[in-house]
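Participant: Read off the chains here:
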Amino acid sequence: MPVKTYAEALCQSLIDTCEAEPNLIFIPAAFGGLSPHAASFRPFYARYADRILGAPIAEIALCGIGVGAAIGGLRPVIDVLSASFLYQGIAQVVNEAANVLYMTDGKTACPVIFHAMQGVLPGEAAQHNRCLSAELWNSPGLEIVLPASPEDAAGLWKTAVASPNPTVFMDHQLLMGLTQDVPDHVDPIPFGQARICREGKDVTVVATLAAVPRALEAAERLAREDGVAVEVVDPRTLVPFDEETVVQSVRKTGRAVVADETIRSCGVAAEIAARIQERCWGVLKAPVKRVTLPDVPIPFSRPQEAVVWLTPEKIAQAVREVLAWR
Amino acid sequence: MPVKTYAEALCQSLIDTCEAEPNLIFIPAAFGGLSPHAASFRPFYARYADRILGAPIAEIALCGIGVGAAIGGLRPVIDVLSASFLYQGIAQVVNEAANVLYMTDGKTACPVIFHAMQGVLPGEAAQHNRCLSAELWNSPGLEIVLPASPEDAAGLWKTAVASPNPTVFMDHQLLMGLTQDVPDHVDPIPFGQARICREGKDVTVVATLAAVPRALEAAERLAREDGVAVEVVDPRTLVPFDEETVVQSVRKTGRAVVADETIRSCGVAAEIAARIQERCWGVLKAPVKRVTLPDVPIPFSRPQEAVVWLTPEKIAQAVREVLAWR
Amino acid sequence: MERVHELLGRMLFMRRFEERVIELFEQEQFEGHYHVYNGQEATALGAMDAVPRDDYMYTTHRNHGHLLARGADPVALMAEILGKANGLVGGRGGSYHAAWPEGNVPVTSALVAGNIPQAAGTALAAKRRGTGQVVVCWFGDGAVEEGAFYETMNLSALWKLPVLYLCENNSVPARYRAMGQYPSSTHAAPALTEVVRPFGIESHAVDGTDYDAVHDLVRQLMERLHRGEGPFFIEARTSRWPGSYGVWPQLTGGRFQIGWVFDPASAPEVVREWTTESDPIVLLARRALERGAIDRQGLEALDREQSTAVDRVVEAALAAPDPRPEDTFRHVLR
Amino acid sequence: MERVHELLGRMLFMRRFEERVIELFEQEQFEGHYHVYNGQEATALGAMDAVPRDDYMYTTHRNHGHLLARGADPVALMAEILGKANGLVGGRGGSYHAAWPEGNVPVTSALVAGNIPQAAGTALAAKRRGTGQVVVCWFGDGAVEEGAFYETMNLSALWKLPVLYLCENNSVPARYRAMGQYPSSTHAAPALTEVVRPFGIESHAVDGTDYDAVHDLVRQLMERLHRGEGPFFIEARTSRWPGSYGVWPQLTGGRFQIGWVFDPASAPEVVREWTTESDPIVLLARRALERGAIDRQGLEALDREQSTAVDRVVEAALAAPDPRPEDTFRHVLR
Ligand SMILES: Cc1ncc(C[n+]2csc(CCOP(=O)(O)OP(=O)(O)O)c2C)c(N)n1
Ligand SMILES: Cc1ncc(C[n+]2csc(CCOP(=O)(O)OP(=O)(O)O)c2C)c(N)n1
Ligand SMILES: [Mg+2]
Ligand SMILES: [Mg+2]
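Protein chains in written order, with the working numbering: chain A, 1 to 326; chain B, 1 to 326; chain C, 1 to 334; chain D, 1 to 334.
Take these hints with a grain of salt, some might be off.
[As the list claims (entries may be wrong)] Covered stretches of chain A, going by a simulated chain C footprint (3 or more residues, C-beta under 8 angstroms): (1) 101–109; (2) 118–125; (3) 133–145; (4) 221–234.
No lab work stands behind these hints, which were simulated from the structure alone. A virtual CB, placed ideally from N, CA and C, is assigned to each residue, including glycine.
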């Protein structure tokens, strides 16, 4: 199997889905964002230029056009570039797209895909670093996809395109260069199936998106330095959420850490922690610990940015803390 | 002390603050919303018509004008009517107002108040019933005020007007008729001080806004029917959050239920539950239970609406469940 | 004669329908906010009679008239307003979100301007897929205050989308309805027709109380849209029904009396001026009477007929079954 | 002669400043996205020289030139870009959010059109409080695609707010700069000056490479704003510097060479056309040379002087202290 970057695997999946789905269009398309790996998407741009509509900076209209185009039979991908800009058009996402199927009693489907890059990037400061997973999860009616590996990006993308539901697909600029052996054509990966990225018996780390490789790094280090076996579970989609896999893992290990890049209060980790303590009561040997961004806007300067950054060290530290409980 | 409705107490506080703060203006003002108690605000409208600016339906501009007007030395209240409409202008709230002080290293203050009525109302269906507390709490830099009683409405309003920070003040249409003995002029109530609405030793119910009277009703019933002593704690402000009072109460009772009208996943109750289990590990005798809206858009029809509605019965049921754990 | 007779009948049906909606609300047969179409009947009928059934329609919070004019089953609409299982959208939406997916009214947003980009998106889909369909998008004058409107105008013009933007300005004082300009307290433009011009969108004003004027204009523009021209913008001007002044609709002045057509002075003062100058039913009936196209007896019979028809609609809707609580969690996702 | 000499010096300072910013980024002295002001120097200087210091200014992601023209300390600006403790806003904002609260540049949003309603709000405050201040609000042509812009234009016109909306259209091909109309791929209007007219907002276009033209226009409008007129809209047209075509700024063609003024053919091909037709420094220098207001030697000396000044700024900024990690949680709330 060829080694591919996340960007390359996703690019191939874009091509595959364009091939299979003539109604798939992109308004606009900015895969890879500012990353050097944006260049890896050139084969897609070259081959499917006719599927890409250039667009003004008009997030409300674009998100709403996605809703209407999906209703009208297209499979539109609305690319808002950075998740931060989704705030501009969010009414159309959380209060329109999310409600269409429900408000019509199942009669009108709205299979739009909202695409954004999410996650904290160096030097991007307060306004461009917003992570919206939690806001979206708080809005029933949306599927939320957070692919953390090349194969997941490719396989989940295929499922997103095939999905009859509004789907928010958020990749991460810092994952674009991640490599993995990936088959030339990846099979669709069903939503709602967590991936056990690493098995372990001592503690479960539930991690999403950029926190996944950082959790794996922490696990590696903890195995080496502390002889601790960490199980890393990536839910891959928040909606639907594979609670069973998470719960089973925690039932096995008895301890849990949740690592996710949204802001702490009412963030993704709060929800997962709340569910774990609800479902795993009695087997839990320690409180569920969260590793998140703190409740602070992201500062620009490096020394202050380093304080808020979600690092493997912080994950390892949290693991050590939950292990310290007897 | 005169008996006043929530609307009357808040109206008096609006008048008091206009009196004291000549820079306080309202863009526009729609206190009481569609409630019959909207009429109770007439004394305010009559007396301070010159402080109220009629405005087009333009939530983005209005929220942004609030930011700029606050920077320019006014104390603007931006009234978006229903919290649901805040989505239209939310970029200016969570990604502009919230960041001003931080991004300027403390140099520029932005004392804007965003006012909205929040909470589920009968027959308002999916789009008009959105509760945004969680989205806002997930955005550091905002104060969030949820007054649940006439006196709290009046006292917290005064603190909001005096606050140097951007503040989201959300009252609730269904609370407008609530009555209480309230002094003619209420003192400011500091942010970050929870109110113990009812003392009890068996279980703590943390409740916000419309869930507070419902929790009190549940507590009453549980006392009568089950002989159970429920302590009801209202944090009153989410930011700042009075974690100590909540933690102390749960340390005393050993059991906790959180009742809040935001949607379940990543909602306010998720955050409070996550914090309680983090802070009260060891003393907790049962998992923290959440009573929230389920992960579903609000249906219009009465029988389906009744399924999702946050009721005293559901709170009582949750209390019984946490008490069933040994 | 046939035509004006039929038309008056349809307008009276709408009026009686809305009166019953207000009464049903006051009888607590349903809860929640709602909006009635009184005074705009000629606009919806004039427009919808010119819009092929295959084309899409997007409506708003004030949708009853649009749906009736489009041909939706009145029982299903009333049942939706009452939150019944056989409502247009299963009681899920109520008055706010009444829609008719089977009739190409896919979904109804009740957020001001929420439907505007959606209409553009559906038009984009029709255009790219070559279905030949066009889209009619209703909204109120308030929507022209929202940024969503302008963003969508720009995109519609850039992409030449086949949409008819149908703005119902229901706040125009009677004397300004046929003129070029009028003052508005919430829009700086001298007339809403002006705001789309910089985008190169062709823009028309029409008296929304005049069925024929609306119909002719919409028919022409629909033909041109089907030929690939567009988008187009229409401002249909009507004057606010006094019962729609407050935050809740009110049967101000009581139910409409057909006698007001003949003796405007008999109308209660609160609605007299509006009835005389702005009620499309009165205006049309008077023209028909003048022309001899109908007589008082005929008009009264017509009104009785329509009132009875509406009574039957209400009966059927009230008798309809409620949605099942156990279905509450269906259709969050497919 | 004095004046053009000084003006050329200030433009060269800005140019050299931005070149060093690009180099510092490439040397990994700072991270994150950033935007440079090359090619728009005459606009900021022309405008800011006409704006009293007491008035407010709101800028954007492309703020370096605005801040320098406003008179912000270049060391503090460079320190901000580098994220230093003595940066204009303590290193909290970086290039995106550089602001100068002490100089009435209260805060900088880097979201397209984010600052537009804020400027209106500050103008409302000044007007209601009677401070006599007016507000200048910079934004790019992209902001005219956002709904926030239109909502704010409507409110500004309704409330007659004292704001000068200064739209820098930096995407106009050279030959269209002085003409009425030009094509844009992302706006349907034949010219951006048109879009505010329906709101009754007075609108002007100006060649943004021409200091005097910008200065005269802004001066006139500022006077009128201070007399209570307004709001006003200006479209300042410049042509995109080739180094700003990509997503990251690039020193395309290398550092600007003063020799290109005298021998345009010596400029690398990638910047030659732009240098000849659109670089405000070259255009001004050539006019000054023709008039004999400066000579080659003088120009070269000026450039060396400014380059050295910028070198000193960079040195000072690089030597500045970092913000303290323990202050990270300060100023979330007051
Ligand atoms: C985004 C948004 N803001 C505010 C509201 C509240 N609201 C409902 S109807 C209405 C007035 C709409 O006026 P217009 O568009 O002229 O329609 P009309 O009711 O006159 O038919 C408002 C402000 C809303 N539904 N959506
Ligand atoms: C709301 C929002 N959407 C998208 C972006 C990403 N973005 C940054 S600069 C830019 C282009 C802005 O163009 P223009 O306003 O003409 O300014 P210029 O960069 O040309 O000076 C875009 C789309 C953003 N910052 N904010
Ligand atoms: Mg209207
Ligand atoms: Mg530009």
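Participant: Now tell me if each hint is right for this structure.
Facilitator: Hint check results:
no. : hint    : in the structure
1   : 101–109 : holds (count 9)
2   : 118–125 : violated (count 0)
3   : 133–145 : holds (count 3)
4   : 221–234 : violated (count 0)
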